[in-house]
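Participant: Here are the chains, one letter per residue:
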Amino acid sequence: MAAQNGEGGLALDPMHQFEIKRLFPINIGGIDASFTNASLWMVIVVLAVSALLLTGSSKLIPGRLQSVGELAYEFIANMMRDIVGESGRVFFPFVFTLFMFILAANMLGMIPYSFTVTSHIIVTLALALVVFIGATVVGFIKHGVGYLKLFVPHGVPAAMLPLITVIEVISYFSRPISLSVRLFANMMAGHTMLKVFAGFVVAMGVLGGWIPLAMMVALTGLEILVAFLQAYVFAVLTCIYLNDAINMHH
Amino acid sequence: MRWVTPLAGAVMFATPAVASEGGMPQLDPSAFMPQLIWLAITFIALYFIMTKLALPRIGGAIEQRRSKIADDLDAAQNLKHETEKAIAAYEAALADARAKAHAIAQETRDALSAEVEAERVKTEADLAEKLAGAEKTINDSKAKALGEVQAVATSLAGHIVSELTGVKVTRPEISKAVSSLAK
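Respectively, the protein sequence lines represent chains A and B.
Under this note's numbering, the first residue of the first sequence carries the number 1, and numbering increases by one thereafter.
Under this note's numbering, the first residue of the second sequence carries the number 251, and numbering increases by one thereafter.
Quick caveat, the hints were computed from the structure, so don't treat them as lab data.
Just so you know, not all the hints are guaranteed correct.
What the hints assert, rightly or not - Non-contacting residues of chain B with respect to chain A, defined by C-beta distances greater than 10 Å in every case (computed):
#1 Q276
#2 K318
#3 A325
#4 A361
#5 V366
#6 R370
#7 D390
To be verified - Pulled a few chain A residues facing chain B out of the computed Cβ check, cut under 10 Å:
#8 G69
#9 F94
#10 M188
As the list claims (entries may be wrong) - Here chain A is said to cover these stretches of chain B; the calculated rule only asks that three of the stretch's residues, wherever they fall, bring their Cβ under 8 Å from a Cβ of chain A:
#11 280–289
#12 295–306
#13 328–334
The beta carbon of each residue, even a glycine, is placed where N, CA and C say it ideally should be.
Required output: the full structure, derived from the provided sequences and hints.
Facilitator: Structure follows, in C-alpha cells:
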C-alpha cells in the first residue's frame, strides 16, 4: 500500500485535480488575492466566451461561429421570455453571462489536466448568493413589503397557514444552498468518478483496463451532457427566482 | 491475479485519500478568498464584455435579420397586391374587349341582316314587278290571241255561213254572234 502510494499517489488521488495552487501569490492588505490555477481558468473562461461571441463576422446570413452565438442568445432569450416574460428583459444580460460563464467553466473542465472552476463550492455558492440576494432585492424593490406575501400562499386553510409559511420560508432560504450544491456536487462527482475510473485503467493494465476505459468514454459523454445541463438548470432556476421576484406568481 | 492487488489498492485508496489529506480541497478556507476575488473580477469583466460588446452585436444581427425578413415579406405582399391589381385590370380589359366584340358582332349582324332584308325586299319587288310585267304580257298575248281568235272565228264563220247558205252576212252581225257564243 505504501509503495503504491508513493508511486501512483498523485496520479490516483481523485481529489488532487481540485486542489488550488497559487501561481502568483498576491496579498493586498492582508487579504489573499493570489492568482491561482482557479483564477487562471476563470480568465480562460472569460477569454473563451469572448472569443466565441466576438470573433467572426456579424452578417445577415450567419457563419458557423455566429450561429453558435445566436443560438445561445436566442436560447436564453426564449427561456427568459417563457419563464419571466417581457418584464425580465433587464436581467437578460446577467442571466446570459451567468449561463455562458457556467457552461464554459463546465465544458473547459472536461479538458484533461484543466481545472473545473465550478467544482468548488465557494464559487457556486457565490454565484448562487448573487442570484438569491439579487432576486430578493428585486422583489422588495418591485413589491415593497408586499414581497413577504410570497411566504403566505393563497387558498391555504388558516389552520395550516403557520406551518405552510414556515415551510415556504425554509424553502426560500434553502434556494442558494440547493442551487450551489447541485452544480458543485455534479461537477465534483463527475470529475472524481472519471479520475477513479482512470485509476482503474492504469491499475488493471493492458489486459483488463479496456473495461474501465470503455466506461470512461461513456462517462465522458455523460459528463459533457451534465456540463451543459447543469449550466442550463442554473439559468432556469435563476429565471424562476427572478419570476417570483418580479411577477410573484406563486 | 497480478492486477487484483493494485485494483484493490486503488479502490481502497480512492476513499481514504480524501480524508487523509485533510478533506476535500473545496473545503479549505484559505482558498476561499482568492477564488471569490478572482470570480468577482472575471465575472464582472465577462458581464461588461457581454453587455457592451457581445450582446449588442448578436442582438443587432438578429434584429437586422428580423427586420430584413419583415421588409422582404412586406415587399412581397406589396408585389402580390400589385399583381392582383394587374390581374384585375387585365380581366376588366378582357371583359371590356369581349363586350365590345360582342357589340361589334351584333352590330355587324344587324347591319348585315338589314342589308339582306333590304336586298330581299328589293328583289321581291323586282320579282313582283317582273311577274306583273309577265302577267301583263301574258294577258295581252291572251287578249290579243283571243281577239285574233275572234277575228279568225268571225271571218271563218262569215265564210262558212256564206259557203253553206250563200247568204251574205254582214261583218258586225257575225262578230256579234261569235262574241255571244264565245262567252
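Participant: Each hint needs a verdict: does it hold in this structure or not?
Facilitator: Verification of the supplied hints:
A cut-off of 10 Å between C-beta atoms contradicts the statement that Q276/B is not in contact with chain A; the least separation is 5 Å. Once the 10 Å rule is applied to beta carbons, K318/B is inconsistent with being away from chain A; the minimum gap is 6 Å. No beta-carbon of chain A comes within 10 Å of the beta-carbon of A325/B; the shortest separation is about 16 Å. Distance check on A361/B: its Cβ is at least 67 Å (rounded) from any Cβ of chain A, clearing the 10 Å threshold; non-interface status holds.
The claim that V366/B is not at the interface with chain A holds, since no C-beta of that chain comes within 10 Å of its own (minimum 74 Å). Distance check for R370/B against chain A: the nearest CB is about 80 Å away, which clears 10 Å, and the non-interface claim stands. Every C-beta of chain A lies more than 10 Å from that of D390/B, the closest at about 109 Å, which supports listing it as non-interface. Annotation: G69/A was flagged as interfacial toward chain B, and the flag holds, the nearest CB pair being 5 Å apart, inside 10 Å.
Checking F94/A against chain B: minimum C-beta separation of about 7 Å stays under 10 Å; hint holds. Among the interface hints, the one on M188/A holds; its C-beta lies about 7 Å from the nearest C-beta in chain B, closer than the 10 Å criterion. Only residues whose beta carbon comes within less than 8 Å of a beta carbon in chain A count, and the region 280–289 of chain B has 10; three or more means the coverage holds. Counting residues of the region 295–306 of chain B whose C-beta lies closer than 8 Å to any C-beta of chain A gives 9; at least three are required, and the coverage claim holds.
With 0 residues carrying a beta carbon less than 8 Å from a beta carbon of chain A, the region 328–334 of chain B misses the three-residue requirement, and the given coverage is violated.
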